[in-house]
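Build the complex from these two chains, which are given one at a time in their own frames, with help from the hints.
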Amino acid sequence: MKKYITGIIVLFVLSFSAPAQNVGYMGRHFIVHADYHGFFSLLKYNPRTESRPFGWNSRLAAGVEAAVGRRISLVADYNYFSRNFVYSSGAYPYPTGKAVVRGNGVELAVKFYYGDNIAPLGPWQRLGVAVHMLNGSFRSYDKNTVYARTDGPVILPVFTYGIGFQRIFKDRLVFNAGMQIGIPFTLLNFSEEFFGATFSDDYAVYTPGSSGSQYTSSSQHAYLKAQAAKHLFYNVNVGLGVLLF
Amino acid sequence: MRTFIYSIQKILSAAILFPVAAGFFASAQTTPDFNDYHSLRSSGVMPGVIDKIRTQREENEEKKDDRKKTTARVENNYKQASAYFVERLLLNGQVIFGDEITAYCNRVVDELLKDDPELRARIYVFHIRSSAVNAFATGEGVICVTTGMIAKLPSEAALAYVLAHEIAHIKEKHSLKEAVENSKRNTRGKNEEQIELESSMYSKEQELEADRIGWDLFRKTAYASEGVSEVLDILKFSETPVYETELSSTLFNYPGFILPADYFPPAIPKLAGEEDYENDEKSTHPNLGTRREELEPLFKKRSAGETQRFLLGEEQFDLIVKIARYELCIQYLKDQEYARALYHAHTLMADNPESYFLKKTAAQALLGLTVYANSGRLSRVLPDEDDIQGEEYRIAFMLNNLEKNELNLLALHNAWALYKAYPDKEQPRVLKEVLLEQLLKNHAGKTNVYSRTPKDTALKASETQFLSDAEKKYVTRKEKRKGPKGDPLLAKYALVELFADEDFASQFKQTERKIQAARTEGVDRSELARIRKEGHDEKVVIVDPFYMLIDQRKEVSVRFRASKERELKFEQYIQQASRRLDLKTEVIDISGIASGDPVDFYNDFAIIQQRLDEAEVNRGMPIPATDYEEVAGLQREYRTSYFAKLRVLSITQRPKARVGAIITGIFLWPLLPGAIYNSVRPRHYLSYEMAVFDIVKGDKCTYREDTQRKNSSEDYLKSVLYDVLYSIKHTSLQK
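Top line first, the protein sequences correspond to chains A and B.
For the first sequence, the numbering used here begins at 1 and goes up steadily by one.
For the second sequence, the numbering used here begins at 1 and goes up steadily by one.
Same shape as in the complex, but just chain B (with noise of 0.2 Å):
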């Protein structure tokens, strides 16, 4: 039940959508510092699209529909529930309203729409934070533009061709289209391979067609064919990073911690793209070799004319695409991306070796990258070395085969050295405060002592005793490893000249007497018991609490009026239920948001919620927060650090006859009525999960979930949701 919970939210969390009206967007227009670089934000007010699907939501769910099945009846069901996810989209904090890339795309939209005004104020532009290589449309006449994307555009016509592909499945309603024929499908004896391998050819039809429309579209304008192409070329290398530039292994050197030559590859994969695959039987879309081989007759017989890559002006695009590969960086990282993350940041700082941001990103990749290796979870976030071509294959190499200890000592260096080159900032601060942190706790009792002598030095003293046992260990363990035997003594002497420095000593040692100090000591239970019985005073903040109404026994299983309005309710339930407990909570509570509203709120909202969703990702492991400096800014604004999830699904199924109990209720008689009454009513399912973030550092405070067979009646809901929060008021939330 947790993963179809996690499955809707990870649908409702896929793309963003943003409407404009272009005009609003050009005066947006300016030059971000890229030494001091802070993600995207929305800017104005909050776009008129969201009211007008709101209203065509609403209008839907008013109409009443044949029971015969209807073609009617099908696009009504469609349109109900595109409206309700695309609404959720647009406000479920990735979209960015009023940016730089998207009043950019929108302008190129001008461009290829100037001659048919109506079809351009039927459509809208949104940018969406992802590093995927993606753009789509919706019914809705929405479409969305990645960062992925953007950062791997190489034209102004590259760009014009993506939107013009997407303005034709809207001009065609391909996704309505799609609704129809998948129910007019006969199903009946399919297994589900063969119903998804008949879907996939109707959506690869559309695709081509698509393709076709939008050529139609983008020949009209002056912009130069070999845009097309060059989306196709994006398309082939859309798995790879933006650059292929080869890094140094000196850039992870630092005085004292000399990473061995072995810990690189002598030779990297080339770089090959994927084009050609044969096996796209199950994809959306067909292979890039039969698109191009559709395409390039058509774009060949156009006469190249006074056709143009650029007709915005160069300038600008450039500047939207330096913007996006920004911001890819943020990305990377919220998406446990750390090594392309680490890889990207050093590639853009060819251009700009002196940015504080690219050189932040690179702390906080390789301060993830230590914190899950610590955990034992590397896997999860490093890909195999195998799966990667390219020079990006040079750093994987490298941080598969690092030791735990050593991959923990190569992040410490590089955020001590960033905290003594920017030292009134807080990041740095926090990163090097964690990684040392996870240094004492995880690899002090390995090899024990991280030496202040310097090796050379040491070595001459005595050649025999200046191992202990547990490092003689070590050593033996390191030798006798596969792949790469790197040096044996690299982390014992890690430290050496950074010892020198007497802040890091003093601070080496603060930390060392703190871990100390909490395993003597251990928790105070006295105080956990007093919280156990009475509660704490910690505010949380209950952010977009979502509910949703499934009855699977209809043909549209989610009920979107009865969840939407359930959701209101559902607030005031936990307010209720709040006072009652005395328990300090803020609900924030997006459904609110109107078209015309300052963006300041969804702007904080828009933070927290990609703070809640990277921690959730992150298991609660003490991973700082990417944009700490604003997710610090609005821990104080709201004068805590704790920000909860709470998703309830509530599921009606069709009655399960119980035979064998009516059978005994005959022998029975007193069971009789118990046993038909459970035999002929649904079978109803209350299914919640709920998860306390201390937003700040990452931990996962607390954690509940569960499914319960009950019915989300009024009392049912209130007591399960009284109990949740009990759990949160009677927990400590400390760790």
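Just chain A, with the same shape it has in the complex (with noise of 0.2 Å):
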């Protein structure tokens, strides 16, 4: 991680100490910008009627973009979301509880603008790291009783891909729209728990409580992993913006 936040510092520096050139939008590059990230849940399981329905994933995320050259800007951004999904305590074939994954998040990205475009005008692809800080919560069916809470946040580091077009109207006013996909890393390192978790059914097997019980710490973040990992995966974003200086 540090070497990546390394990188983007490195980038940024060098970026200010480059030869002069037209940055930035009429010589504003400075935006604060709130996004909308959506998207059909395909991957969402519902054990009760045993089909994937169209679920719906929402992220929100603020943040600021800085043209820090011709064709790149720099971009921070805070990301919320929360996820339901349902367990099994595994000793029997159908959910027991329901569970919530909530997520706060860090993302850093550099964003390059194509097509003769100068940062921060046009169609851009953008390539970031973000940190989710995952919180869980493991309940009843009825949701009353609560059998486990995660005891402090599991960290799940992901890797993002974006492709979209911004545009600014009334030279203030910025309009951001565009898709991204988010990988985390865990997932290319093949950890048998997370994979088989994330590409398996919703129907996780988690039994909670006593002695001798399946639960297990790892598993437990597995999952939340898991489910954070399918809310991320792919989602539209659109966005409004204020571009600042």
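Possibly wrong hints are sitting among the right ones.
To be verified - The calculated label-pair distances, taken between Cβ atoms and stated as ranges, are:
(1) B:Glu527 / A:Arg167: 31 to 41 Å
(2) B:Glu705 / A:Phe245: 22 to 32 Å
(3) A:Val32 / B:Ile515: 51 to 61 Å
Bear in mind the hints are in silico, worked out from the structure with no lab data behind them.
All C-beta atoms in this analysis are idealised placements derived from N, C-alpha and C, irrespective of residue type, glycine included.
So this is what it looks like as structure tokens:
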């Protein structure tokens, strides 16, 4: 993680020491923006109906974007999402409880504007790294009893890639739209537990509670990460911003 | 794309119109000072036709078309386009309002149409600055007669027939009919050549019709029929100079610089003209032989009666022709026809040998040739001697056979003589400075030394050692050359006499030091770096920024109204971006000029526009302005030498299906929306060209052109404009 952040900082510093060039839109290159990310939750499994209905993933983001080169801008975003899912105690072949995972994340990204456009205007592609801190709680099916909570945030680092376009109206108002793909680092490690959790059904097998149970901290984390990964995998986003200076 | 922009600009510059109330111009008759002649300028106020055409354009734009392909729709489309271009032509700086030539032409039209006041009220005659021998009419009732045509006219009757022919085009609405005819023509399965052929056939029919109807108009007046034959003779010799005068080779001799006899041709090709050229298939006009055959029987039938070659008076006619002939000197120089300018100025000197203006024209022409020769581009401005007939061949032969350094030396001698004769004038001083610099930059190394010792003395002192190795090589090369050998030592001893003049010797030394210093010290890199980072404080004047929207999906691709509306906003964007950049800019906007406005602003614009055109064609080579005094005056008035041209085209094309992308998208579904979107959306291009010139020196200070795949929405346009202005702000404009 450290080396990615170092890389982004080096890029940022280099961009300021580069020869004078036209940067920004009409000389303005700092944007404050808020985005909504959403898409059909195609991998969300509903054990009750034994089908995959079109649920909806939502994520909110807010952050800043600074054009640092003719075609490059740096983005720092805060992200928030929440996702419900069902789980089974393992003893029964149907869901026995409901759980929720909440993610707070920070994303640093580099946006490349292409097609003769000057940042921050026009079509772009972005590459980034996000770190999401996940918190989850596992409850009974009627939600009245909390069986377990994560004892601290579960860290999920994610590679992100996006493509979209940005337009500017009235010299200040920024409209942004695009799509984003998020791939967790851990997916690339092919951790059996996580990999299985991500691509198996949401019909999670988890037995909370007493001794001798199937509960393990790592499986809890794996299921939270798996749910977050599904949430972040593909999203379409629209956003508004203000070009400040 | 650049060529496309350039061609549109050329179309817009091709001609100029000018409407007139004849009485108004009658008072404009003055006799210019032909010794110190200055280019014609407009006087009085802007004519009423400008507002009239503007109103016509707006009315045509308001009309709603039937979507079906009807004649009415084609006519309206044509009228819109025509009014748009004529409005631009009226204000492109080539038209002269209220000058003697325009006034005279209008009086001839009064004579032709004295029995038809209704038609007279719809006719506007313009004098266009152009060396071409031409006249033309537009659907709006505008007739343009070029300076080249006036300069060649032998009589008022000939002018009357030229105008009668153009009036016939207007009366018969030929341009409109041609547009309708072209739209009806079935072009399916035909190549461009066939279409062009059919179109030109119709055009030729119209020309013959205009000849006949023009004759009908002409014969009702008291003008002599021979005017018609004279016009055909003019057209026959339209490519040749006004005068056919033998120029003495001694004209180009100076003390210590005598051009060898073999630099001049032993014989010259006879002037033949061009009449019955057979291949007129693609020409818009029938060949002259056909026109003569059609016309001569008509005017032979006419009884001579009381006809005259001059009705308004020969003296007045001679005056306007003389003005046009002096005006041609300027036009030839601006069109880079330097050899023609040199010849023409010398032929005019036969009647006015002491004219400062004519001497200045010759000096400027030689300078132009020198700069082009030194940059290796002489062939661009000097026609091949084989293409020239008559006495002009003598000059072309000499210029084609001079070595580059000899040409430079000849030009320097000429400019120095002018400078000594007119020490108080600004232009000769500049010309000799540029030529000295050219000589020392380009030819000091080849012969190395310009001897200060006369040739005879030097030869007596040492017959073997007076040439350096470099000089020996030069002499050997020259002796081996094809064609005239000339004098191998001409250049070496060319300046001996001039060095005897202390003033010259001192200026020579000074220029030498300046060039040496520039070579050793080089450019101030720290200053360049500072400008690149912080920008400069120079002011830049943006002249008549041009913007055009083209939608190739439509039948009439140019969106006239939208172009006009966007052009107005375009200027606001320039000003806004300039403020953000802290770039001092001023926009010369001619779209606001209306009928009745004083012509002063238009006159300034015309000088600047022509100077920019001249500098643009010269590609930034250091050729001082032809109208040097006027341009220098405007430099003082605007407090800057830097003037810019800016042209933007926005083009929309039909979408192009991206089958491959869609197939890929089917397998990689996240990419599918993008693939579909790209297949159905129109393709947009934003093309721009910007050049900043030093209008006094002629340097091209900075230049940018690009075609980008984007639409012309406000944000994209502003971003592009800001970027263009940023490059102006952060580039050193001093060369």
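Status of the hints after comparison with the structure:
no.	hint	in the structure
1	B:Glu527 / A:Arg167: 31 to 41 Å	39 Å, holds
2	B:Glu705 / A:Phe245: 22 to 32 Å	31 Å, holds
3	A:Val32 / B:Ile515: 51 to 61 Å	56 Å, holds
Checked against the numbered hints listed earlier, the structure breaks none of them; every hint is satisfied.
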